[in-house]
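Quick note, the sequences are listed as chains A and B, same order. All residue numbers for the first sequence refer to the working numbering, where the first residue is 1 and numbers rise by one. All residue numbers for the second sequence refer to the working numbering, where the first residue is 255 and numbers rise by one.
Since the hints were made in silico from the structure, they are not lab data. For every residue, glycine included, the Cβ atom is placed at its ideal position computed from N, Cα and C. Heads up, a few of these hints could be off.
A few chain B residues that face chain A, going by a derived Cβ cut-off under 8 Å, partial list only [claimed, not checked]:
#1 F314
#2 D315
#3 W323
#4 V328
#5 E332
#6 L356
#7 Y464
#8 K468
#9 D469
Facing chain B, from chain A, some residues (calculated, C-beta under 8 Å) [unchecked claim]:
#10 V44
#11 L203
#12 N208
#13 R212
#14 H217
Derived pair list, reagent style DSSO-like, types lysine-lysine, alpha-carbon separation capped at 27 Å [stated by the list, open to error]:
#15 K181(A) - K387(B)
#16 K387(B) - K412(B)
#17 K384(B) - K181(A)
#18 K407(B) - K452(B)
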Amino acid sequence: MKVRALVLNTFKEAIRDKVFYTLLLFAVLVIIVSVLLGGLSLGVNEKIIKDIGLAAISLFGVLTAVLVGISLVYKEIDRRTIYTIISKPVHRYEFLLSKYLGLCLTLLLNVTAMTMFLFIVIWFQGYSLSLVLLKAILLIFCELMLVTAIALLFSTFTSSTLSAVFTLAIYIIGHLTTDLKEIEQASRGWLSRYITNFCYYVLPNFNNFNIRAEVVHGVDISGVYLLGVITYCIFYTAIVLFISILSFQRREFD
Amino acid sequence: MDNRGSVLIYTVAIIAVLSIMAGVYVLQRQIDNVKHTTLSERVLFYLPPGGYVKSAMLGFDAVAADLLWAYTVVSFGEDFVKNRNYKWLYRPLDVITTLDPLFEEAYRYGGILLSIQTQQVDKSILLLEKGIKNLPDDWRLYFILGFNYAYYKNDDVKAVRYFEKAASLPGHPSYLPRLIGNLYAKIAKADKANPEEKIDLAIKFLEEAYKQFKDEKMRAEIISKIKDLLVERDTRFLEKAARAYKDIYGRYPDELEDLIRAGLIKAIPIEPHGGRYTINPQAGKVEVKHASN
Numbered sequence: 001m002k003v004r005a006l007v008l009n010t011f012k013e014a015i016r017d018k019v020f021y022t023l024l025l026f027a028v029l030v031i032i033v034s035v036l037l038g039g040l041s042l043g044v045n046e047k048i049i050k051d052i053g054l055a056a057i058s059l060f061g062v063l064t065a066v067l068v069g070i071s072l073v074y075k076e077i078d079r080r081t082i083y084t085i086i087s088k089p090v091h092r093y094e095f096l097l098s099k100y101l102g103l104c105l106t107l108l109l110n111v112t113a114m115t116m117f118l119f120i121v122i123w124f125q126g127y128s129l130s131l132v133l134l135k136a137i138l139l140i141f142c143e144l145m146l147v148t149a150i151a152l153l154f155s156t157f158t159s160s161t162l163s164a165v166f167t168l169a170i171y172i173i174g175h176l177t178t179d180l181k182e183i184e185q186a187s188r189g190w191l192s193r194y195i196t197n198f199c200y201y202v203l204p205n206f207n208n209f210n211i212r213a214e215v216v217h218g219v220d221i222s223g224v225y226l227l228g229v230i231t232y233c234i235f236y237t238a239i240v241l242f243i244s245i246l247s248f249q250r251r252e253f254d
Numbered sequence: 255m256d257n258r259g260s261v262l263i264y265t266v267a268i269i270a271v272l273s274i275m276a277g278v279y280v281l282q283r284q285i286d287n288v289k290h291t292t293l294s295e296r297v298l299f300y301l302p303p304g305g306y307v308k309s310a311m312l313g314f315d316a317v318a319a320d321l322l323w324a325y326t327v328v329s330f331g332e333d334f335v336k337n338r339n340y341k342w343l344y345r346p347l348d349v350i351t352t353l354d355p356l357f358e359e360a361y362r363y364g365g366i367l368l369s370i371q372t373q374q375v376d377k378s379i380l381l382l383e384k385g386i387k388n389l390p391d392d393w394r395l396y397f398i399l400g401f402n403y404a405y406y407k408n409d410d411v412k413a414v415r416y417f418e419k420a421a422s423l424p425g426h427p428s429y430l431p432r433l434i435g436n437l438y439a440k441i442a443k444a445d446k447a448n449p450e451e452k453i454d455l456a457i458k459f460l461e462e463a464y465k466q467f468k469d470e471k472m473r474a475e476i477i478s479k480i481k482d483l484l485v486e487r488d489t490r491f492l493e494k495a496a497r498a499y500k501d502i503y504g505r506y507p508d509e510l511e512d513l514i515r516a517g518l519i520k521a522i523p524i525e526p527h528g529g530r531y532t533i534n535p536q537a538g539k540v541e542v543k544h545a546s547n
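Pulled out of the complex, with its shape left as it was, chain A reads as follows (with noise of 0.2 Å):
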């Protein structure tokens, strides 16, 4: 099966990039920095490694996700092996989806990997592993996805210095949503509410995502919760990859 392979290849290419194992170094040193700082602080040692660890996860993981993954189709475009790959009797969706499940499956070591070495260092330092850490960690993983999928549509139209800049900047943009809600109700007039609103839809929420301070607080997450966002980021990470797509068909080589 064609796509396998290719799946597997990308798979193969991003774990040999030596940005992505530069990132999972600075993850490492970060938690244990955290261990450090969490003598500093007045009896709230188990709270800093855990924030400080999730964060940690949260932040290489979409570093990686922009830098390895803008490269995957800009690679291909820089190294002209993408000619003998169009030439091929593989569909272009079908390259573009490998690439992006390439990724994911990177993504997936990754985020493990780190996982492990927090759960470790929390085991270690002799507090509470509680597997509610893992369903933070799943959403964050679930943001991974998407934040990928958005590089990967920049990256099927831009240079890659600009598709790293949009992709960072529709994080930033998907974190200061809630903003936006407050904007729109202390809006007068129903044409800035109603631009306002369409933007609050329209862009990536990033903030369902993260659930990282209540489960380090204790606070129970319901399934329900988790269902929806889970849902939302599949239905979405669908609606970028679709016009991913598309632009990659339209895209001429010469």
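Chain A is already provided as a structure; the job is to place chain B on it using the hints.
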């Protein structure tokens, strides 16, 4: 000639670089001497309101709260050693609790620090009221609020309300119901706060605070405060007995042992710092003489 020439150049280059590095080290030390390190409290005092910081943190607010908390704790320690001007303390606590509204330690330690450690009672009340909104099941927050109102604000009605809420939650201390009963009696009699009762309340509060702070320096500070309060309590106790002595014998006792002989007190309290209590017979005032005097 070329080979030796290049070795020479490399040697000179390395020595030059090492010297420059040493120079950087020396310069940095000079700069540190000139530039003061009280920057920390100013940074914390001038933090923007919590909402803005939260938006800027792009989803990493829990970590930001933790880092700010560490920074605040360290700054408090520095200020403790230096000039003890804690006016900056409320703002970072407010920002931290906006970033992470469930950050229980920030409310609890912050509430205690703002109250009995730095005498900023209104701010302590503000912070704790935010705390009970977000963490309605923590008896300790209500307890500190009750103490603030009873001890500093002389508002027994509000105090008893908060103490009652604390007593209804799991984990509260066993003396709390009795304390509430006493307060109700006082309210019923429209009694003004009895100084001895206030001191007792403050000592109880500090004992609770001691249990909650695990930090050595903090604990030492709390014990020091408890000792000061014990001295005040003992002084009042002895002066009251001395006045009773004067009522009977027409003059103040020459020494505190006279009070025992007159049967007014059973024993002289032990001075908590290791000194001893003496009385000034002219004015009837009790003083503390330290071992060195």
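Hints versus structure:
no.	hint	verdict
1	F314	holds, 5 Å
2	D315	holds, 7 Å
3	W323	holds, 6 Å
4	V328	holds, 6 Å
5	E332	violated, 12 Å
6	L356	holds, 4 Å
7	Y464	violated, 14 Å
8	K468	holds, 5 Å
9	D469	holds, 6 Å
10	V44	holds, 5 Å
11	L203	violated, 14 Å
12	N208	violated, 11 Å
13	R212	holds, 6 Å
14	H217	holds, 4 Å
15	K181(A) - K387(B)	holds, 23 Å
16	K387(B) - K412(B)	holds, 17 Å
17	K384(B) - K181(A)	holds, 23 Å
18	K407(B) - K452(B)	holds, 11 Å
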